[in-house]
Structures are given as C-alpha cells and as structure tokens.
Amino acid sequence: MDRTILIVRVFFLVVSILGCLLLGYTTEGWDLMPVLFIGMSVAALVILTDMMLQGFSLRGLSAITFGLAVGGLIAFLISSSPLFEPLESDPRLAETLFLSRLALYIISMYLATVVALRGKDEFNLVIPYVRFSAQNVESLVVVVDTSALIDGRIAAICDSRWFGYALVIPRFVLDELQSVADSSEHARREKGRRGLEVLNRIRRMKHVDLRIHESEVTVRDAVDSKLVYLADTMKAKLLTTDYNLAKLAEFHGVEWLNITSLVKALNQEVSVGTRLTVELVKPGKDSGQAIGYLPDGSMLVVNNGRKWIGQEIRVEVDSVVPSSGGKMIFATHYPDGVTAPSA
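Those letters in the sequence shown? Residues 1 to 343, per full-length UniProt numbering, in order.
By construction, these hints were calculated from the structure, which means they are not laboratory data. Among the clues, some could well be false.
Derived CB-CB ranges, DEER-like [unchecked claim]:
(1) P82 - D175: 50 to 58 Å
(2) D209 - Y243: 48 to 56 Å
(3) D31 - P82: 32 to 40 Å
(4) G273 - D296: 27 to 35 Å
(5) D296 - L111: 52 to 60 Å
(6) T65 - D159: 33 to 41 Å
(7) P34 - L68: 44 to 52 Å
Backbone N, C-alpha and C define an ideal beta-carbon position, used for all residues, glycine too.
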C-alpha cells in the first residue's frame with residue numbers, strides 16, 4: 001500500500017511539473033521560472049497535506065461530508081428565511097447582507113462538521129464493517145481486546161479456518177499493547193511482545209479479514225468501557241479472555257466470545273474405555289505410577305507407567321474419580337502406545 005501511494009505521489013508531481021511547463025510556454029507574459037516555482041510549491045503543499053492526513057479514516061471523511069452538507073443546508077434555510085428581508089430591501093446594505101450570509105455559512109458548516117466528527121462512531125453513513133446487499137448478508141464482526149491477543153490461542157483458532165468473523169482491532173488496543181510491550185517489568189513486557197507477535201502472525205494469514213479501527217472513542221475513558229461501547233456501536237461481538245470485561249459486556253447487552261470457554265467446550269469427554277495420548281511428567285504416589293495432565297488441567301494417573309516418564313504414550317481410561325480440583329483419571333498403558341520421546 002505504501003509503495004502504491006508513493007507511485008501516485010510521484011505521478012502527481014510529474015504531472016504538476018509538466019502542467020507548469022505547459023503553462024509557462026503557452027501563456028504570454030508568464031515567465032517560466034515563477035510559474036514552475038509556484039506550481040511546484042502548490043504540488044508540495046498538496047502532498048504535505050496528504051501526508052498529514054495519513055491515518056484519517058473513511059468514517060472520518062464521511063462525517064466531514066455529512067457535517068458540511070447539514071451545515072450548508074441549515075445556513076441556506078436560515079439565509080432564505082424572513083430574518084434577512086430587512087437587509088435585502090435596502091441596496092446600501094448589500095455588502096452587509098453578503099458578509100452576514102458568508103459568516104452564517106462558515107459558522108454553520110464548522111459547527112455541524114465538529115458535531116459530526118465527535119459523533120462519527122454513533123452514525124453509520126459509511127460502515128466499512130457491514131456489507132449491505134439485497135439478501136441482507138452481513139459480515140460478522142468481532143472486536144478483539146488486549147487479553148485475547150496476549151493469550152495467543154486466537155492465532156491457532158484463526159489458522160484452523162473455523163473462525164468466521166472479521167477481526168477488528170481498535171487503535172487504542174494497539175496503543176495499550178505497545179505500552180505493555182514497553183513496560184519496565186519483565187513479565188509484563190514479555191506479555192506485550194507475545195501479543196504483538198500473535199497480531200503479526202494473524203496479519204500474515206491471507207484468509208483472515210483483519211481490520212484496524214482508527215477512530216478514537218472519545219466518549220469513554222477506560223479501555224474496557226471503550227471496547228464495550230465500540231462493540232455496541234458497531235453491533236459486533238466482543239472477543240476476550242477477561243472475565244470482568246465479559247461480564248461488563250453482558251451487562252450492556254453486548255454478546256461476547258471467550259476463548260477459554262471455547263477451549264473447554266472442545267475438550268474431549270473422558271469416560272471409561274476412552275483412549276488418549278498423554279505426556280507423563282512425574283512419578284505418582286504409588287509404586288510404578290506416573291502422572292500426566294490433559295489440556296483442561298485434569299490429572300491423569302497411569303498405572304505401571306513410571307518407565308515412560310518424559311514420553312508421550314497411548315493410554316486407556318480405567319476410571320474417572322471426581323475430586324475437589326475437578327476430576328482425577330486413572331488409566332493403563334495401551335499396547336504399542338509409545339509415540340515419541342519427549343524433546
């Protein structure tokens with residue numbers, strides 16, 4: 001995208017130079033150098049303005065257009081009203097009438113534009129996140145928070161192609177993630193860097209619809225409140241692993257997706273006779289026992305499995321015993337179940 005914009009800027013500059021040369025040669029009384037200098041100055045000013053507008057979103061442009069149109073309409077209606085009839089009847093006040101109407105247009109359009117920009121997240125003149133069609137087909141959108149990026153499992157979920165949502169990353173979430181990555185605390189800094197790595201990994205996935213939401217939510221202060229407000233405004237769901245944020249979203253009527261809940265829902269149901277692959281990590285209490293853990297954290301005790309500690313083996317469940325920490329599973333080695341030594 002940056003290279004394309006650079007090519008467009010160079011093309012605009014070349015066209016401007018050629019236009020100045022053409023004017024200098026074809027217009028009598030115009031010196032070539034002053035025309036070339038003025039033309040290049042104007043072209044440079046236009047390119048500089050373009051660079052200053054970098055990051056200005058389509059929603060912001062639509063808000064300005066809407067504000068100018070509404071402000072101009074209001075100014076036209078007021079200037080056409082009987083309020084200006086006394087000025088129109090006196091020819092000596094023609095200049096005053098012109099200046100009054102000009103001031104009215106400028107003030108009305110300015111105020112309407114400012115109001116539209118402040119509320120650009122509340123009206124949907126241009127919505128880049130919803131596709132309108134005759135069949136009422138919508139692009140499903142989910143707003144992603146910082147905790148979901150730091151958690152990291154969202155990348156694997158997206159890579160599996162099961163995730164059918166367009167991911168929206170608000171700019172203030174990126175700023176918060178960058179702040180965490182620049183923290184002086186080692187653990188916090190590592191979390192931030194992991195979140196940035198996950199985001200870059202997702203951006204490299206061609207099949208993932210990833211969008212950066214540039215507009216700032218100025219009506220809220222806390223990041224959690226901004227996320228809930230933005231998701232509610234965009235009629236989107238909220239993707240998070242933060243339980244408190246999820247409950248805040250639920251209170252405001254915003255649907256939320258919790259990656260932890262998804263992982264728990266996908267855990268294999270374990271019952272007597274189920275065959276599993278598990279890595280044995282330490283000896284058990286009784287002689288010959290070895291212990292491993294399932295993805296949901298459940299402890300699995302393998303009888304006569306101590307000799308396979310440090311390896312992944314295939315086991316068959318003998319019994320499942322409820323415990324205060326969840327459940328404890330007892331299993332025995334399934335023949336020919338050794339899969340690979342632990343690295």
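Next item on the list: Return holds or violated for the Cβ distance of P34 and L68 against the range 44 to 52 Å.
Entry: The hint (44 to 52 Å, Cβ to Cβ) is violated, given that P34 and L68 are roughly 34 Å apart.
Margin query: A range of 52 to 60 Å was offered for this pair. Does it hold for the Cβ distance of D296 and L111?
Written below: At 58 Å between Cβs, range holds.
Note to self: Quick check on a hinted range of 48 to 56 Å for D209 and Y243, using CB atoms only.
What the structure shows: Hint violated: Cβ distance 27 Å, outside 48 to 56 Å.
Next item on the list: Kindly confirm whether 32 to 40 Å is satisfied by the beta carbon distance between D31 and P82.
Entry: violated (53 Å)
Check: Is it true that the C-beta distance of P82 to D175 lies inside 50 to 58 Å, as the hint says?
Finding: holds (52 Å)
Next item on the list: With respect to the beta-carbon atoms only, verify the hint that T65 and D159 lie 33 to 41 Å apart.
Entry: The hinted range 33 to 41 Å holds for T65 and D159, with Cβ atoms some 39 Å apart.
Notebook entry, point to check: For the pair G273 and D296, does the Cβ-Cβ distance stay inside 27 to 35 Å?
Noted result: 19 Å Cβ-Cβ, so the 27 to 35 Å window is violated.
Comparing the model with each earlier hint shows violations of hints 2, 3, 4, 7; every other hint is respected.
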